[in-house]
Amino acid sequence: MMEKKSEAQIARTKLLMRRDTQSVYSSNDLDVSCSTLCSRCSAIPWATLVYEPEYRRTRLFDVPNPAEVLQRSSCPSCRIFACSLLNLDTPISKVAYRNSVVEYGDKSGKSWFSSSLKLRRYDRGSLRELYGNYLGDSASLTLLSGIPQYMNFVEAKSWIQTCVSGHEHCKPEPSNTLSDLKVLDCHTRTIVSAPESCLFVALSYVWGQPAPHPEPMDVPNFPALPCVLPRTVGDSIEATKMLGYRYLWVDRYVCCPCIIHYTLADQTVY
Amino acid sequence: MGTIYSSAQFTIVAAAGTDANAGLPGVSCAFTNPKICSVTKDLCLVALPQSVTQSVSGSAWYSRAWTLQEGYLSKRRLFFVEHGAEFICDQDLQDKGLLVGHVAKELAASLPSTITSWDRANHMMRQFTGRSLTYDTDALNAIVGALETLEGVDNTMGVVISSSNASKTSSIQMALSWHHPIPCSRRKGFPSWSPIGWRGHVDYLDHQTIISSGFRLEVWYNGRYRLLSETIGRLSRQHRANEPEQAKFLRLKTIVVMLDFEDLDESPNIPAGLYVKIPYNHDLTLLVQPLWDVESVYQTHEHGLQLACAVLVRRRTLMQTTWRCERETQIIIMQPLGTHYERVGCFDLNWSYRNILARDKQGRTFPLDFSYGNPLLEYGDGTFWMETGEERTFLLG
Chain C
3 MMEKKSEAQI ARTKLLMRRD TQSVYSSNDL DVSCSTLCSR CSAIPWATLV YEPEYRRTRL
63 FDVPNPAEVL QRSSCPSCRI FACSLLNLDT PISKVAYRNS VVEYGDKSGK SWFSSSLKLR
123 RYDRGSLREL YGNYLGDSAS LTLLSGIPQY MNFVEAKSWI QTCVSGHEHC KPEPSNTLSD
183 LKVLDCHTRT IVSAPESCLF VALSYVWGQP APHPEPMDVP NFPALPCVLP RTVGDSIEAT
243 KMLGYRYLWV DRYVCCPCII HYTLADQTVY
Chain F
863 MGTIYSSAQF TIVAAAGTDA NAGLPGVSCA FTNPKICSVT KDLCLVALPQ SVTQSVSGSA
923 WYSRAWTLQE GYLSKRRLFF VEHGAEFICD QDLQDKGLLV GHVAKELAAS LPSTITSWDR
983 ANHMMRQFTG RSLTYDTDAL NAIVGALETL EGVDNTMGVV ISSSNASKTS SIQMALSWHH
1043 PIPCSRRKGF PSWSPIGWRG HVDYLDHQTI ISSGFRLEVW YNGRYRLLSE TIGRLSRQHR
1103 ANEPEQAKFL RLKTIVVMLD FEDLDESPNI PAGLYVKIPY NHDLTLLVQP LWDVESVYQT
1163 HEHGLQLACA VLVRRRTLMQ TTWRCERETQ IIIMQPLGTH YERVGCFDLN WSYRNILARD
1223 KQGRTFPLDF SYGNPLLEYG DGTFWMETGE ERTFLLG
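If you're matching them up, the sequences are chains C and F in order.
Residue numbers are given in our numbering: position 164 of the first sequence equals residue 166, and the series is strictly consecutive.
Residue numbers are given in our numbering: position 392 of the second sequence equals residue 1254, and the series is strictly consecutive.
Hint data in this document are derived by calculation from the structure and do not stem from the laboratory.
Predicted model, so just to flag it, every value in this text is computed and none were measured.
Hints should not be assumed to be uniformly reliable.
What the hints assert, rightly or not - Here are the simulated DSSO-like cross-link-like pairs (lysine-lysine), alpha carbons at most 30 Å apart as the crow flies: (1) C/LYS243 x C/LYS173; (2) C/LYS184 x C/LYS173; (3) C/LYS184 x C/LYS243; (4) C/LYS173 x C/LYS159; (5) C/LYS112 x C/LYS96; (6) F/LYS903 x C/LYS96; (7) C/LYS159 x F/LYS897; (8) C/LYS109 x F/LYS897; (9) F/LYS897 x C/LYS112; (10) C/LYS173 x F/LYS967; (11) C/LYS120 x C/LYS109; (12) C/LYS120 x F/LYS897; (13) C/LYS243 x C/LYS159; (14) F/LYS897 x C/LYS96; (15) C/LYS120 x F/LYS903; (16) F/LYS897 x F/LYS967; (17) C/LYS120 x C/LYS96; (18) F/LYS967 x C/LYS120; (19) F/LYS1115 x F/LYS1050; (20) C/LYS109 x C/LYS96; (21) F/LYS1223 x F/LYS1115; (22) C/LYS159 x C/LYS184; (23) F/LYS967 x C/LYS159; (24) F/LYS1115 x F/LYS1139; (25) C/LYS112 x F/LYS967.
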């Protein structure tokens, strides 16, 4: 998680900062309160940090011993530092800020840049830039306002559609060649024989610890599914429907004959 | 099983959590929010999440053996991790520009790419053997579906075979040059000459076993043992049928040498361990630390151990005629088991490869330093030890 900051990155950060000031969003859009910082974190000269010349290293704080203290702190800033610090192999003793990045130092004086911690203006434009890579554009907005973020199926559908309509290379093998294919009908929640040229979705997942004996409620009363499905299977049924498909293939419920499936040390249980 | 994934419109990869009750983040529960807190009125401290593909690489899904094939065979994949989702199709993987820095290295190594079938197969076996498998009986089924999709290579018991017509005489190579960096235990029901016959992570040596003249390698196909050249292209199909017990054996005709093994205690410049003694010439005996497959050799035989060693690769590159050592000799150490042998370790005589000790007539043992060329050159071509061997035909199980 450490990186040397490249020239390009520095340039990009500068660009980002400049754009921030022109942002159409004002910080007033978001309900921000910083009254919860502890004495250690409120002593940090946050406001002036971003204006320091690049070469200057500003000390932020000395890491308490043990560093786990940060994790248990009621201060949100401490906890963010903790999750980054405690993941490292080396014990960190000093935290500083230089070249627009957080820098860690150990006892011997060695230092590293943190690639995961950033200090940013609290406006949508700059944060979207940060998170956009990971969550898609629309996600970052709701995310930052603290609203729980759910899968954007409209967006996911468009990813799939782009591939289906444009990528010859990604065409699945015809399903007709599969003899006796059973699939899960997500609309009726039953196990059915796959219709001709069935377009189905597959699930790849881990079952977890194999139970020595299957629990009774776990065994499907063919062709109906068990009443209680593992959450991953239930969610996959939802996702399949939301993405515009009807049939889902889940090894545990469609390998035939279903009951024998449980009596064997079968490959479908990971 | 594998064909299901290549026929699916896309595959939902549930890479969050460690079991089937983890759910798909973003569906019945929200994605985890990245950590963020305001430090002044208009500044905030943010902890960036890992990329989705980085998180996949660290997931339980990625650590399991079966899922390697499932992800590999799918043409389109929708990955779900705790903090997000990402779609990756085969076209994305072909597009190198998109791949660099986009898909985490580890995950990319387990998905289709543009590298050759031979390299891909060996990468795949390396990955596969590093993953966890609940049921030993699945060892072949969990990978063979993916191996079969590779063009231009065949495999038997997960060991890849390819023929190249690059040179005038077409040569056949078989991926038998693997070893275990850490000794492990046998996986019953599968042959010792295949990585799937073991419960441990394998690595491959640079060169591969070339089936050259003077070395005969036969595999079981359709009722009898046949030369690889007669069966290549048809072997993997055998897996789908209920293959007979004989298919688990290779029939080899090559030089077998009985070599002594010696336990050395730790001393300055000499790491402790069980060494194989190779009589190099009349004056010098070499002591080489083999790469053991099994842990048990250490415990069961402490003194006076002698094991059969088969010379597997006998290729000498012309460029190396002045380099008088058998640089490309790979030797597998075997233990007899009833009617056949099983492999228990291997070593090669590629001098630059690992620490080699020498013992002179006076009984002094010292490490050989190869950093300034090969100090053994003055002692002849290093094939002296093979003179004590004899050509044998035997089964390797």
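Subject >> 30 Å Cα cutoff - pair C/LYS243, C/LYS159 >> reply: holds (11 Å)
**OP:** Please work out if F/LYS897 and F/LYS967 have their alpha carbons no farther apart than 30 Å.
**Re:** holds (25 Å)
Subject >> C/LYS112 paired with C/LYS96 [C-alpha distance capped at 30 Å] >> reply: Holds, at about 10 Å.
Subject >> Restraint status (C-alpha distance of F/LYS897 to C/LYS112 at most 30 Å) >> reply: holds (27 Å)
Original post:
Given the hinted pair C/LYS120 and C/LYS109, is their alpha-carbon gap at most 30 Å?
Top reply: At roughly 23 Å apart (the allowed maximum being 30 Å), C/LYS109 and C/LYS120 satisfy the hint.
**OP:** Quickly compare the C-alpha distance for F/LYS967 and C/LYS159 to 30 Å and report which way the hint goes.
**Re:** holds (26 Å)
**OP:** Take the C-alpha atoms of F/LYS903 and C/LYS96, compute the straight-line distance between them, and say whether it is at most 30 Å.
**Re:** Holds, at roughly 25 Å.
Subject >> Holds or violated: C/LYS112 to F/LYS967, with C-alpha atoms at most 30 Å apart >> reply: Holds, at about 27 Å.
Original post:
Is the hinted pair F/LYS1115 and F/LYS1139 satisfied, with a Cα-Cα distance of at most 30 Å?
Top reply: holds (23 Å)
Original post:
Holds or violated: C/LYS120 with F/LYS897, Cα cutoff 30 Å?
Top reply: Given that 30 Å is the threshold and the Cα spacing comes to 11 Å, the pair holds.
Subject >> Satisfaction of hint between F/LYS897 and C/LYS159, Cα-Cα up to 30 Å >> reply: Cα-Cα ~28 Å, so holds.
Original post:
Is the Cα-Cα distance between F/LYS967 and C/LYS120 30 Å or less?
Top reply: holds (24 Å)
Checked against the numbered hints above, the structure breaks only hint 21 and satisfies the rest.
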